[in-house]
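S.K.: Letter by letter, the chains look like this.
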Amino acid sequence: MIFDFALIVDSIPKMLAGFWMTFELWFLSAVLGMALAIILLLMRISGRWYLYAPAMAYIYIFRGTPILVQIFIIYHGFPQLEFIRESIFWPILREPFGCAILALTLNTGAYVSEILRGGVLGVDRGLKEAGAALGLSSTHRFIYITSPIAIRLALPAYSNDIISLMKSTALASTITLLDMMGIARTIVAETYAPYEIFLSLTVIYLILTWIIQKSIGLIEKRMSRHVRSEA
Amino acid sequence: MEALNGWWDDFFWGSVVVADVFVVSLILTVLFGLTGAAAKLSKNRVAQSIANGYTIIFRGTPEILVLLLFYFGSAIALTAIAQISNPEIKYVDIPPFWAGSIAIALIVGSYATETFRGAFLGVEPGQIEAARALGLSNFKTFIYVRIPAMWRLALPPFGNHMLSLIKDTALISIIGLEETLFVAEQAIATTGKPFTMFIVVGAIYLGFSTIITLSVVVLEKYANQHLKIAR
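Heads up: the protein sequence lines correspond to chains S and E, in order.
Just so we're aligned, residue 0 is where the first sequence starts under numbering that gives the first Met the number 0, counting upward by one.
Just so we're aligned, residue 0 is where the second sequence starts under numbering that gives the first Met the number 0, counting upward by one.
By construction, these hints were calculated from the structure, which means they are not laboratory data.
Keep in mind that the hints are not guaranteed to be accurate.
[Stated by the list, open to error] List time: in silico DMTMM-like cross-link candidates among lysine to aspartate or glutamate, alpha-carbon distance up to 20 Å:
hint, chain 1, residue 1, chain 2, residue 2
1, E, 42, E, 19
2, E, 192, E, 8
3, E, 42, E, 128
4, S, 213, S, 160
5, E, 192, E, 19
6, S, 13, S, 3
7, E, 192, S, 3
8, E, 89, S, 189
9, S, 213, E, 113
10, S, 220, S, 160
11, E, 192, S, 85
12, E, 227, E, 113
[What the hints assert, rightly or not] Ranges between beta-carbon positions, derived for each pair:
hint, chain 1, residue 1, chain 2, residue 2, range
13, E, 44, S, 198, 17 to 27 Å
14, S, 56, E, 1, 40 to 50 Å
15, E, 191, S, 94, 18 to 28 Å
16, E, 219, S, 30, 46 to 56 Å
17, S, 126, E, 191, 53 to 63 Å
18, S, 212, E, 159, 12 to 22 Å
[What the hints assert, rightly or not] Where chain E lies over chain S, by a calculated footprint (3+ residues, C-beta under 8 Å):
hint, region
19, 69-83
20, 172-180
All C-beta atoms in this analysis are idealised placements derived from N, C-alpha and C, irrespective of residue type, glycine included.
Take the sequences, apply the hints, and build the full model.
M.R.: See below:
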């Protein structure tokens, strides 16, 4: 058992070729997931039971089942259903990439909406009352008062979630996608050198995590600059 | 639904495997978490940096990567060791059950480390001083004062860790553990009904998640019993 450095040097560029796949999976599902999360959040805080109940059920189901099972249901399971094969979404759902994006989006949407809700609930009542006293409508209050503060409050938790989304993209390798994890698994199957390949991939993922963490840290700092200037 | 006939018992035994993995990895998670938290809070620099490295690495890499690295890596190491004593041996591996349980416990343990660390810091110093004043030894203070007080604070986030744990068990099917997802794949191979089978797996996991969530609610009530009486 000797550590084969030549193999590492050889395979890192190959794995980095999968970076764009990882990045696309991560970025697209983060953006779409955020849109879904906002919809779910609005449904939850709407105060109407016919909007509230479906959102709750959705969040309960998607947070209560493993993402791997969700990916398998969408990728392997959906083709069993005729109405899906005949729907206009079939060209997307036929491809593993579309399935992975859909599964990751649906999953992260449920988590992020909980995080956003935490942020919205954390907004001081007095500020909203002040907005009402100034004659702002409830929509305006939500957009101009609640949202900016809620985003700032939710950011630390969101940073954790977006990192776990990045880690979840590795599961796309189970449905034949060649992201960094998929390429690494192919190389390991050919060379049978799991230490060399998987450890170098670990380092790559750690760097990615670090970059995301630092970037969100910077945004957070910028958004709370008024707090520090007071102090 | 008739496709499921004859598979119910397989799914049942698959669920038993999931429950087994959960219990084993839960115990290990608590162990890793407490050790990690103790190391981070100790004054020993070496212990601190090992614990920091542990949480950074295991929180920053995809679960599936840790699992595959652990399983294939340990197989190579064990084979190398076994070949020293007996060159005839071709291949030795850790059973997927143990490789999987340890791997997911290491991952969730790194999150638990942070939770426990925060909770230990949240224990009022006055309580520990009181224990000192009563003449309790360090060990007894730890068992009778720190742990019960810390546990109350750690319980809500630890409930989330338990949910991650149960969901991560689904990954172990990738290295060949015969849990529900593995059963579903076998059932699909004979019935050709992927949607039905994976939905059953999803429902089983949803059941487990519900049980865990409810247990955490009950435990929290139990842990905060004394506070209610005081009010």
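S.K.: For residue 227(E) and residue 113(E), compute the direct alpha-carbon distance and say whether it is at most 20 Å.
M.R.: Roughly 28 Å separates the two Cα atoms, so the pair is violated.
S.K.: Given the hint that residue 220(S) pairs with residue 160(S), does the C-alpha gap stay at or below 20 Å?
M.R.: Since the Cα atoms of residue 220(S) and residue 160(S) sit roughly 18 Å apart, the hinted pair holds (cutoff 20 Å).
S.K.: Taken at face value, is the distance from the CA of residue 160(S) to the CA of residue 213(S) at most 20 Å?
M.R.: Status holds; Cα separation ~14 Å.
S.K.: Does the region 172-180 of chain S contain three or more residues whose Cβ lies closer than 8 Å to a Cβ of chain E?
M.R.: This one holds; 3 residues, not fewer than the three required, reach chain E with a Cβ under 8 Å.
S.K.: Is it true that the CA of residue 89(E) sits at most 20 Å from the CA of residue 189(S)?
M.R.: Distance ~18 Å between residue 89(E) and residue 189(S) Cα, so the pair holds.
S.K.: Is the hinted pair residue 42(E) and residue 19(E) satisfied, with a Cα-Cα distance of at most 20 Å?
M.R.: violated, 37 Å
S.K.: Would the pair residue 42(E) and residue 128(E) pass a check requiring their Cα atoms to be no farther apart than 20 Å?
M.R.: holds, 19 Å
S.K.: Does residue 13(S) pair with residue 3(S) here, judged by a C-alpha cut-off of 20 Å?
M.R.: holds, 16 Å
S.K.: Can you confirm whether the C-alpha distance between residue 192(E) and residue 3(S) stays at or below 20 Å?
M.R.: Since the Cα atoms of residue 192(E) and residue 3(S) sit roughly 44 Å apart, the hinted pair is violated (cutoff 20 Å).
S.K.: For residue 191(E) and residue 94(S), compare the CB-CB distance with the range 18 to 28 Å and indicate the outcome.
M.R.: holds, 21 Å
S.K.: Would you check the hint for residue 213(S) and residue 113(E), treating anything up to 20 Å between C-alpha atoms as holding?
M.R.: Status holds; Cα separation ~19 Å.
S.K.: Given the hint that residue 192(E) pairs with residue 19(E), does the C-alpha gap stay at or below 20 Å?
M.R.: Violated: residue 192(E) and residue 19(E) sit about 27 Å apart, past 20 Å.
In this structure, the earlier hints numbered 1, 5, 7, 12, 14, 16 are contradicted, and the remaining ones agree with it.
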